[in-house]
Structure formats: C-alpha cells, structure tokens
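Asks: Take a look at the letters that make up each chain.
Protein chains: 2
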Amino acid sequence: MPNEYVLAGDVGGTNLRIAAVDSDGTVVHQESVPTPQTRVASDVVAAISQVASSCIANCGIGGRPLAFGLAMATLVNSREGKSLRSPNLPELNGLSVADAIGKQVGLKVLLENDATAAAIGEHWLGSSQKVDNSIFVTLGTGVGGGLILDGRVFRGADGTAGEIGHICVEPEGHQCGCGSRGCVEQYASATAISRIAEELAQKDQTSSLSGVAGVSSKDVYDAAKTGDGVGLETFRIMARYLGIALAGLVDVLNPNLIVIGGGAAGAWDLFIDPVREEIVERAFGPPAKTVQLVRASLGNSAGILGAARVALDAESHI
Amino acid sequence: MPNEYVLAGDVGGTNLRIAAVDSDGTVVHQESVPTPQTRVASDVVAAISQVASSCIANCGIGGRPLAFGLAMATLVNSREGKSLRSPNLPELNGLSVADAIGKQVGLKVLLENDATAAAIGEHWLGSSQKVDNSIFVTLGTGVGGGLILDGRVFRGADGTAGEIGHICVEPEGHQCGCGSRGCVEQYASATAISRIAEELAQKDQTSSLSGVAGVSSKDVYDAAKTGDGVGLETFRIMARYLGIALAGLVDVLNPNLIVIGGGAAGAWDLFIDPVREEIVERAFGPPAKTVQLVRASLGNSAGILGAARVALDAESHI
Chain A
1 MPNEYVLAGD
11 VGGTNLRIAA
21 VDSDGTVVHQ
31 ESVPTPQTRV
41 ASDVVAAISQ
51 VASSCIANCG
61 IGGRPLAFGL
71 AMATLVNSRE
81 GKSLRSPNLP
91 ELNGLSVADA
101 IGKQVGLKVL
111 LENDATAAAI
121 GEHWLGSSQK
131 VDNSIFVTLG
141 TGVGGGLILD
151 GRVFRGADGT
161 AGEIGHICVE
171 PEGHQCGCGS
181 RGCVEQYASA
191 TAISRIAEEL
201 AQKDQTSSLS
211 GVAGVSSKDV
221 YDAAKTGDGV
231 GLETFRIMAR
241 YLGIALAGLV
251 DVLNPNLIVI
261 GGGAAGAWDL
271 FIDPVREEIV
281 ERAFGPPAKT
291 VQLVRASLGN
301 SAGILGAARV
311 ALDAESHI
Chain B
1 MPNEYVLAGD
11 VGGTNLRIAA
21 VDSDGTVVHQ
31 ESVPTPQTRV
41 ASDVVAAISQ
51 VASSCIANCG
61 IGGRPLAFGL
71 AMATLVNSRE
81 GKSLRSPNLP
91 ELNGLSVADA
101 IGKQVGLKVL
111 LENDATAAAI
121 GEHWLGSSQK
131 VDNSIFVTLG
141 TGVGGGLILD
151 GRVFRGADGT
161 AGEIGHICVE
171 PEGHQCGCGS
181 RGCVEQYASA
191 TAISRIAEEL
201 AQKDQTSSLS
211 GVAGVSSKDV
221 YDAAKTGDGV
231 GLETFRIMAR
241 YLGIALAGLV
251 DVLNPNLIVI
261 GGGAAGAWDL
271 FIDPVREEIV
281 ERAFGPPAKT
291 VQLVRASLGN
301 SAGILGAARV
311 ALDAESHI
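From first to last, the protein sequence lines stand for chains A and B. Numbered according to this note's numbering, the first sequence terminates at residue 318, and the numbering increases by one at each position without gaps. Numbered according to this note's numbering, the second sequence terminates at residue 318, and the numbering increases by one at each position without gaps.
Keep in mind that the hints were calculated from the coordinates and are not lab data. It is possible that part of the hints are untrue.
[To be verified] Here are some chain B residues pointing at chain A (derived, C-beta under 8 Å):
#, residue
1, 80
2, 84
3, 87
4, 90
5, 91
6, 154
7, 163
8, 247
9, 277
10, 284
11, 286
12, 288
[Said to hold, decoys possible] When the alpha-carbon atoms are kept at most 30 Å apart in a straight line, the in silico DSS-like pairs for lysine-lysine are as follows:
#, chain 1, residue 1, chain 2, residue 2
13, A, 289, A, 130
14, B, 108, A, 289
15, A, 130, A, 108
16, B, 108, B, 130
17, A, 108, B, 108
18, A, 130, A, 103
Glycine included, every Cβ here is placed at the ideal spot set by N, Cα and C.
All chains, please: the whole structure from these sequences, using the hints.
Replies: Here's what the structure looks like:
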C-alpha cells in the first residue's frame, strides 16, 4: 500500500526529534528542536505535538500517519502510556503522556522507554536482526537496556522491564540517582567514567587528567589511549563492573547476543576484552560461550526506528 | 481421551523419583530409589531407565506414556537434551541424557533443569497459576531459578536460562562452586545459611550455635526463633543479599510474582520482610510495587509436575 507511514519520536532531556518513517524503516523526514526546559508538563506535550504536526505537514508523503511511536528517556508503563519516573523530564512523572499527546495530534500514541525502543530498532534493522535472544545495553548519561526474548520485545508486567542499569554490582557502592547504591550505572555510564577518572586524578598528579575541570568520558578515553594511568585504570574499573552485571544477565537470560550502544560504546577497544574476560570468569561456561558481544549499528537512530516499529506493530494489531 | 499419561522424573544427587502423571496433573503412581553413587554415567542412565520401565508396568493405567519429562539438578541444554554441568551428577556432563534414556525406554525424553521444571510446575498447578510473569527461586543446597515470561517458560538461547543463583552480590565475596565469587547462592542457600552461622558462631561464644559441629539451616532457624544473635544475624545477611539479587531482577524483568521454594523457604517468617525492604530500597518504585513475593505451594512435587507438563506440551506439538 503506498503512502503508509508512521510518526516516530525520541524525546531526551536535551533534544526532541520526530520523524516520518515508512514501513521499510526509511526515515522520510525528520525534525528536531531543543526539549523545552520549562519543567511544565503541558509545555513538553505541546512541543512534541507541534513538532509532530509540523512533521506530518512537511514530510511530503500525504495522508495521515498510521500511529505515533514515542521513545522517551523515562521509566515507562507502556501498557498505560504513562511516564513513571524520569531524571531528565520529571515534570512528566505519572502523566498519561500517550493520551495527552494523542488528543492533541489525533493519533494513537505508543509510549516506549528509549532503551527498549533502541533494542527494538536494533532487532528490526541493526545488530540483532534475526537473533532470538538479545540484550541491548546503552552506555550514555545513564546505563539503559532493552530485552528481546524469544524473538519479541519483553516488557514485563507493566512495561518497565529492561532496566539493567540498576543491577547492583557493589552493595555499598556509589549512591545512584535511583535511590539505591552501587548500581552498574554508577560505574559504566559516560557520567561514571568522568566521575571515576576525576576521583582517581585527584590522587595522581602525574595524570594528564589531573587538575582538569569537567573531564568528559571522551577525555578519559583519549588519555587512556596515550597510556595515561588514570585513564587506563578508569576503564579497568568500568569494564570490571560492566562485566559483573552482564555475567549475571548471561546466567539468567542465556542470550545469543549483547548489543552495546550509547556514547561510551565509542571506547569499545578499551573495555570490551576485559568485559568478555569478566563474563568468562564469572558466568557458567556454556552460556558464556554462546553469548556474543557486538556494537550497536544504528547509532542514535535506533530509538526512532524502534518507536516506528512499535507504531507499525500497534497498527497491525487493530 | 482415556489412559493418556506421561512419565515425569526428578533426578537429584540423593534420590531419583519417577511418576506416571495424567493430563490433569494427578500423580497416579510414583517410585523412588537412591541415585546411584557410582559416578559412572551409564549406571545413572540405567537406573533411570529401570525405574521408568517399572513405573510404566506398575502404574496400572495401561498403554504407553506419551513422553517422558525429566527434571535434573544440572545446567541443561534443553534443546539438545544434554546435561552440561552438574555439581551432583558430574558424570553426566556433556552427555545427551535425553537420547541415552530415550533409547533404553523407547520414549521421547525431554530434559529440563530442575528449577525450571519447578517454575513450570508452579505455573501449571501452584502459586503462579495464571500469572504471566513470574520468577521461581529455590533456596536449597544451591540457589536455583526458573522464569515464566509472557505466560511461557523462558529458556534462552540454549535452554540454560534461569540460573539466578549466580548473580553476583558481592564482587570479592565468598568463592562459589561455579568458579565465580560472591554469587547469591553463597549467601542465601541452605548451605550458605549453615556456613555463615558457623563462621559467626566461632566469634560469638554466647550463641547456642557456638561449638556445635555440622549446624543445619534448620538449627540456625530454630536458634534465631529463640532470639539467638548469631541466628538472627545470619538471616539478616541472607535476606540482604537475596534482596539485592531480587531487586536487580525486579528492575530487569518487572515480574508480577516471585515464588520462593526450596528447603530454606521454611525460614520465610525470618527473611521475607527484610527481603521486601531491600527490594523497595533498591528497585525502582513502580516494579517494586507491582511485584508480590509468595511461597511455592507444590513442595518437592513442583519439579515432577513441571516435567510432566513439559512432556505433555512436547507431545501436543507433534
């Protein structure tokens, strides 16, 4: 059928992107604006609705989209379309985001956690295509995750499943924004890489990172590549804890594949071997042998494409 | 259809039980013998086959069983019917147990990990009936687990999924038989309860457990019930670590239910409140609010009944 398309959005704390995507996964048109920083829920809803309408008007396809899939950096009750808890968009907590936006744009809106959407995107068009059991891990500001089990996205009882970033890897470890302590997010996110390097650099004046304010994870990577001790030790710590969390998931879920994306995945060459070693050391032999670790291939389009897939699937169920 | 039944077995390190079970889950006949301690694979296979044949002859149903489901305390590749790794039955490691027994008894044999079989049994006839997403946890000699996700057993890529006992809860913690360190099994199994209490009692001469050789988890429970400090501290440690592991599973899998069975589940009143508190403290609010913790209801029949269900399902797929 010609002209069939969906809207797909990815709303982060910084940017809000919405695209018109056809049933093959081609992004026909995309618009992006900064996410409103007003901390008023109706402003965020209005901004999303406005970009969505603009996208429909400007995409050049003609006709209405079938549905609107929306990936957000928030704990999502996907069944009810509710945002439950977001560090970046707290004003939406408890709001039926799908309903609110659906009313404004006149479309069925499917809300999805951004990492789960990325898992769906990678399974549709990226690194985990045709693989039945995969875990998507994103190493960004936080550590997020999404699960493809037995060939389908797994959302759990309410749709909040996949929050692998809050697996505890150090019982009395670093305080986490989630309220717990020692979550893997506090050791393996881009934010954590910066923090750990800054802490280590305070004690090691020989490091090129010593005395530098606002060290980024890229700075730590660059330093490590020149042999800087603080940089190397930071990635050793990061890989160890990421490996501990993934080893547990290998034993519990026996996946074929773990797909790693997000900004800090750029440091792949520095952490992947020790992560693999930690998995081999800790997980049972057979599932450790089965699992492959690969990089995500869709970059920051994974969430949009996954949201598009969710919208296409929702429509096909009607 | 009359006279339809399956064989179902549960092979542990100590006993070998086989039953004739009808399609309603009624155990029509059951036989039990000690598991051969010869450490020769063919002896174990022969013993299982012999009890199976005896069970068919003596069950009084007439006709042949549809199939034979076999739960074993081993890491199982359920797709290939292989035992991969067993602390209690190491002689079977790498053996195609299903094929070997199938040839001797002339039946299709489905091999299943015992905790996964118990999860299936509890989902069929026990505590997790009609619940779509549940985690079965058994606290026995080790800590085992089985997953019911989206209404079906989840086995992962090879059939080894569900090994929740080897989630790491203390990175440099107690050495585990699996080769890793700090697995939850080293803190929450019946074996661990005994070990922790013995360690604590060595430092506390006021404890009723001090100086006692071969303390059982039941002894620790009884001591704790009388207010013994070592007993209470042991269950505080056990509950904390079990709670840490389960909190991670709550975030990752967003289950409706966690079903706890096995011998150490008898200490329910001593550990369940602190386990719940640890989950509430560590997991995200929404999935922590959703999940309910309940006791398994089928006792040591869960594995046999789950194995029977597997056999019935395999037959219905033909």
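Asks: The structure should be examined with respect to each hint, and the outcome stated for every one.
Replies: Verification of the hints:
A hinted interface residue such as residue 80 of chain B counts as satisfied when its beta carbon comes closer than 8 Å to some beta carbon of chain A; here the least separation is about 11 Å, so the hint is violated. Because the beta carbon of residue 84 of chain B sits about 5 Å from the nearest beta carbon in chain A, less than 8 Å, this interface hint is met. Contact between residue 87 of chain B and chain A, as hinted, is not supported at the beta carbon level, the nearest pair being about 12 Å apart and thus beyond 8 Å. Taking 8 Å as the C-beta contact cut-off toward chain A, the hint placing residue 90 of chain B at the interface is violated, the least distance being around 13 Å.
The closest approach between the C-beta of residue 91 of chain B and any C-beta of chain A is roughly 17 Å, which is over the 8 Å cut-off, so the hint fails. Residue-level restraint check for residue 154 of chain B holds (minimum Cβ-Cβ distance to chain A is 6 Å; threshold 8 Å). Annotation: residue 163 of chain B was flagged as interfacial toward chain A, and the flag holds, the nearest CB pair being 4 Å apart, inside 8 Å. Among the interface hints, the one on residue 247 of chain B holds; its C-beta lies about 7 Å from the nearest C-beta in chain A, closer than the 8 Å criterion.
Among the interface hints, the one on residue 277 of chain B is violated; its C-beta lies about 13 Å from the nearest C-beta in chain A, farther than the 8 Å criterion. Interface restraint check for residue 284 of chain B: the shortest CB-CB distance to chain A comes to about 6 Å, inside 8 Å, so the restraint holds. This hint holds: residue 286 of chain B has a C-beta 5 Å from the nearest C-beta of chain A, less than the 8 Å allowed. Interface restraint check for residue 288 of chain B: the shortest CB-CB distance to chain A comes to about 10 Å, outside 8 Å, so the restraint is violated.
Proximity of residue 289 of chain A to residue 130 of chain A is assessed by CA-CA distance (about 19 Å); at most 30 Å being required, the pair is judged to hold. Restraint check: the Cα-Cα separation between residue 108 of chain B and residue 289 of chain A comes to about 28 Å, which is no more than 30 Å; the hinted pair holds. This hinted pair checks out: residue 130 of chain A and residue 108 of chain A have alpha carbons roughly 28 Å apart, not beyond 30 Å. With a C-alpha separation of about 28 Å, the suggested pairing of residue 108 of chain B with residue 130 of chain B holds against the 30 Å cut-off.
At most 30 Å may separate the alpha-carbon atoms for a hinted pair to count; residue 108 of chain A and residue 108 of chain B exceed this at roughly 48 Å. For the suggested pair residue 130 of chain A and residue 103 of chain A, the alpha carbons sit about 36 Å apart, so the restraint of at most 30 Å is broken.
In this structure, the hints that do not hold are numbers 1, 3, 4, 5, 9, 12, 17 and 18, in rising order.
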